[in-house]
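J.: Okay, here's what each chain looks like letter by letter:
Protein chains: 2
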Amino acid sequence: MPEEHIVATVEVMLGADLSGIDSHGVNMMTLYDQLRTAGKITMTPEVRVVRENAATALIDAGGGLGHFPSVTAMRLAIAKAKAAGTGAVAVRNSHHYGAAGVYARMAAEAGLIGLSTTATFSPAIVPTFGAEAVFGTNPIAFAAPTRRNPPFLLDMATSTVAMGKIKLASQAKKPMPLGWSLGRDGRPTADADEAIVSRLLSPLGGTRELGGHKGYGLAMMVEILSVTLSGAAFVALRLKRDPDAARHDVGHFFYAMDPDCFREAGAFEADMDEMIDALRATRPLDPAQPVIVPGDPEHAARIERAANGIPLSDAVIADVKRIASAAGAEFILT
Amino acid sequence: MPEEHIVATVEVMLGADLSGIDSHGVNMMTLYDQLRTAGKITMTPEVRVVRENAATALIDAGGGLGHFPSVTAMRLAIAKAKAAGTGAVAVRNSHHYGAAGVYARMAAEAGLIGLSTTATFSPAIVPTFGAEAVFGTNPIAFAAPTRRNPPFLLDMATSTVAMGKIKLASQAKKPMPLGWSLGRDGRPTADADEAIVSRLLSPLGGTRELGGHKGYGLAMMVEILSVTLSGAAFVALRLKRDPDAARHDVGHFFYAMDPDCFREAGAFEADMDEMIDALRATRPLDPAQPVIVPGDPEHAARIERAANGIPLSDAVIADVKRIASAAGAEFILT
Chain A
1 MPEEHIVATV EVMLGADLSG IDSHGVNMMT LYDQLRTAGK ITMTPEVRVV
51 RENAATALID AGGGLGHFPS VTAMRLAIAK AKAAGTGAVA VRNSHHYGAA
101 GVYARMAAEA GLIGLSTTAT FSPAIVPTFG AEAVFGTNPI AFAAPTRRNP
151 PFLLDMATST VAMGKIKLAS QAKKPMPLGW SLGRDGRPTA DADEAIVSRL
201 LSPLGGTREL GGHKGYGLAM MVEILSVTLS GAAFVALRLK RDPDAARHDV
251 GHFFYAMDPD CFREAGAFEA DMDEMIDALR ATRPLDPAQP VIVPGDPEHA
301 ARIERAANGI PLSDAVIADV KRIASAAGAE FILT
Chain B
1 MPEEHIVATV EVMLGADLSG IDSHGVNMMT LYDQLRTAGK ITMTPEVRVV
51 RENAATALID AGGGLGHFPS VTAMRLAIAK AKAAGTGAVA VRNSHHYGAA
101 GVYARMAAEA GLIGLSTTAT FSPAIVPTFG AEAVFGTNPI AFAAPTRRNP
151 PFLLDMATST VAMGKIKLAS QAKKPMPLGW SLGRDGRPTA DADEAIVSRL
201 LSPLGGTREL GGHKGYGLAM MVEILSVTLS GAAFVALRLK RDPDAARHDV
251 GHFFYAMDPD CFREAGAFEA DMDEMIDALR ATRPLDPAQP VIVPGDPEHA
301 ARIERAANGI PLSDAVIADV KRIASAAGAE FILT
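Protein sequences appear in the order of chains A and B. Under the numbering used here, think of the first position of the first sequence as 1, with each following residue one higher. Under the numbering used here, think of the first position of the second sequence as 1, with each following residue one higher.
Chain A on its own, in the form it takes in the complex:
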């Protein structure tokens, strides 16, 4: 990879690991190496701005990993927001971009409201009334700047849970709550082993009566912003039409907005702090578990891990060692 691609990719992966999002950091090396050896991504993509005006842009990622074009896209959205008030940047012909929250946080660190969404390369979420998966886990990340508190940071898959939680339930040999996944028969299942085979995640809300149609709608909103706006591939159609496509053509979306276009400088951040303080002071159900704010767990992990390091499982270390060895790269993680 070109040097600046390496820097961006490592920064985004490290951002996930630092924030405690272990599933989207160095743990992803295995997948990325599989995609590379299968020829599904190029390590030397040409990333270029295809269309652009003062407030919008479209980037073609050139068929490589998503991190570098996505850092480029969010930086462009931030620059446009600083100049024009808002910036919307769509990315096509990309691949896995790591943790959505890393990009939204970039905007908040620049004093802006930030949003990022992404489609994924394999279907996971089943629409309401359906018995097959059509959307990826299609995350939404939204961040807003503060002064005294950590930034607000919502980073959520639009499925009820990520696949990782189902694997944990399987390892613990515990039944899952109904509403996490369907079995191969299309009905809600409590059997985690069955859910691992079926790969049929329920949209946020789970069953219809608990609002699963809303999670389905949010997953489709993410697909529209990430894929339809950029001209990337809608995964369910790509798999039907061209299952062996040379490129997975994943799409992403990035948005930044400057609060100072709406309010006096500093007023937005002051009100964010007041809202966050009020939330923390909400009467809790259990005094031992106060109300927290989206972004708090990630912020706590960043402080702890920046001081004490990022714990890696033996399995992850062995995987990285194997990949390094196969690539003829020195293994320095000892």
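One or more of the hints may lead you astray.
Identical copies go unnamed one by one, so any copy, or any two together, can satisfy a pair.
[Said to hold, decoys possible] SDA-like cross-link-like pairs, simulated, lysine to any residue; straight-line CA separation at most 25 Å:
1. K82 - A318
2. K240 - A281
3. K321 - E4
4. K240 - E11
5. K40 - S23
6. K82 - N53
7. K165 - T37
8. K174 - R187
9. K240 - P290
10. K82 - V50
11. K173 - A54
12. K40 - D244
13. K165 - C261
14. K82 - C261
15. K240 - D277
16. K165 - L178
17. K240 - A288
18. K165 - F129
19. K240 - L285
What the hints contain is simulated information worked out from the structure, not anything from laboratory work. In this text the structure is predicted, and so the values were computed from the model without any measurement.
Given chain A's structure and the hints, the job is docking chain B onto it.
T.: Below, chain B alone, put in the same frame as chain A:
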């Protein structure tokens, strides 16, 4: 009310009733009349653009009902999106604006992606780990244009269900699913009568293990966009600091984006139609209930009601009659 305020208010209320959203149309007359007689809204507000650039604006609604300033705001967002690619308009000092989906649909009808969010004037949603309500039902509406199909239209409260569904369960004397509401003790309840008294709605996802923290995060995202960005009142703080405030200072957010800034003209709409067709063709769990797309029920209601009229309950008709009589207005709904 000034004539143009009347026209906008009626159009938005009628849009909700036509779309089958009975809770947000003429049914709201009772609330609006209560607010008017209590002096909480003015019928002759001065609605003005306070700040503006090519892609953003802030509107002060002057302390009246939300419909007219919101139609003004979405029209402004649409005009900006047509000229600059995107338009973001925040509204402060407003009140109830009806059904969020009506505004998002305005953008789709203009060939644009549309988004609207609003805060509300009374708390309803309880944050994860909390035992008191801090956010309103804080809806998100998102729409996207198509060519052959009805536009995509997601219009959802960020609570698991609206209060109306709980009232229906109470009338039917049926237990509710856990995940709709908490009882006065802060624990999930299946008792609809208890839920009507407690007014403690669960965020989308319901319990923590089914992703309720995501619904909480979405409700807060809506509050930030609607209230913190515009400088309106965060309802939980307003009630603590100034429970008798002369104005409720509700905030809204409107956004429009032109797909033609990202793609060749018509490509976005063609891909939307393909995605919608693919969703309808998803293998269903029950062949008698095919997969539908967000916006389908509203679209079907619009066709049916435009042809056959809007059914009104005797209770709604009696309410409107009472309000008309008290205001010295002729009752013509016979």
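J.: Evaluate each hint against the coordinates.
T.: Now for the hints, and whether the structure bears them out:
Proximity of K82 and A318 under a CA criterion of 25 Å is satisfied in neither setting, with 44 Å inside one chain copy and 54 Å between copies. For the identical chains of this complex, K240 and A281 are inter-copy neighbours only, at 12 Å across copies versus 51 Å inside a copy, given an alpha-carbon limit of 25 Å. When the C-alpha separation of K321 and E4 is checked against a cutoff of 25 Å, the pair qualifies only within one copy, where the shortest distance is 23 Å, while the shortest distance between copies is 70 Å. Neither within a single protomer nor between protomers do K240 and E11 lie at most 25 Å apart by alpha-carbon distance, with minima of 35 Å and 43 Å respectively.
Proximity of K40 and S23 under a CA criterion of 25 Å is satisfied intra-copy only: 21 Å inside one chain copy versus 50 Å between copies. For the identical chains of this complex, K82 and N53 are neighbours both inside a copy (14 Å) and across copies (12 Å), given an alpha-carbon limit of 25 Å. In this homomeric assembly, K165 and T37 never come within 25 Å of each other (Cα to Cα): the closest approach is 28 Å inside a single copy and 53 Å across copies. Proximity of K174 and R187 under a CA criterion of 25 Å is satisfied in both settings, with 19 Å inside one chain copy and 24 Å between copies.
For a Cα distance limit of 25 Å, the shortest separation of K240 from P290 across copies, 19 Å, qualifies, whereas the shortest one inside one copy, 48 Å, does not. Proximity of K82 and V50 under a CA criterion of 25 Å is satisfied in both settings, with 21 Å inside one chain copy and 20 Å between copies. In this assembly of identical chains, the alpha carbons of K173 and A54 never lie at most 25 Å apart, being 54 Å within a copy and 57 Å across copies at closest. Proximity of K40 and D244 under a CA criterion of 25 Å is satisfied intra-copy only: 10 Å inside one chain copy versus 62 Å between copies.
For a Cα distance limit of 25 Å, the shortest separation of K165 from C261 qualifies neither inside one copy, at 41 Å, nor across copies, at 39 Å. Proximity of K82 and C261 under a CA criterion of 25 Å is satisfied in both settings, with 9 Å inside one chain copy and 19 Å between copies. For the identical chains of this complex, K240 and D277 are inter-copy neighbours only, at 13 Å across copies versus 50 Å inside a copy, given an alpha-carbon limit of 25 Å. Taking the shortest alpha-carbon separations for K165 and L178, both the intra-copy value of 13 Å and the inter-copy value of 22 Å come in at or below 25 Å.
Taking identical chains as interchangeable, the C-alpha atoms of K240 and A288 lie at most 25 Å apart only when they sit on different chains, with a minimum of 24 Å there against 51 Å within one chain. Within a single copy, K165 and F129 get their C-alpha atoms as close as 23 Å, and across copies as close as 20 Å, so both meet the 25 Å cut-off. Proximity of K240 to L285 under the C-alpha cut-off of 25 Å is restricted to the inter-copy arrangement: shortest distance 20 Å between copies versus 48 Å within a copy.
Checked against the numbered hints given earlier, the structure breaks hints 1, 4, 7, 11, 13 and satisfies all the rest.
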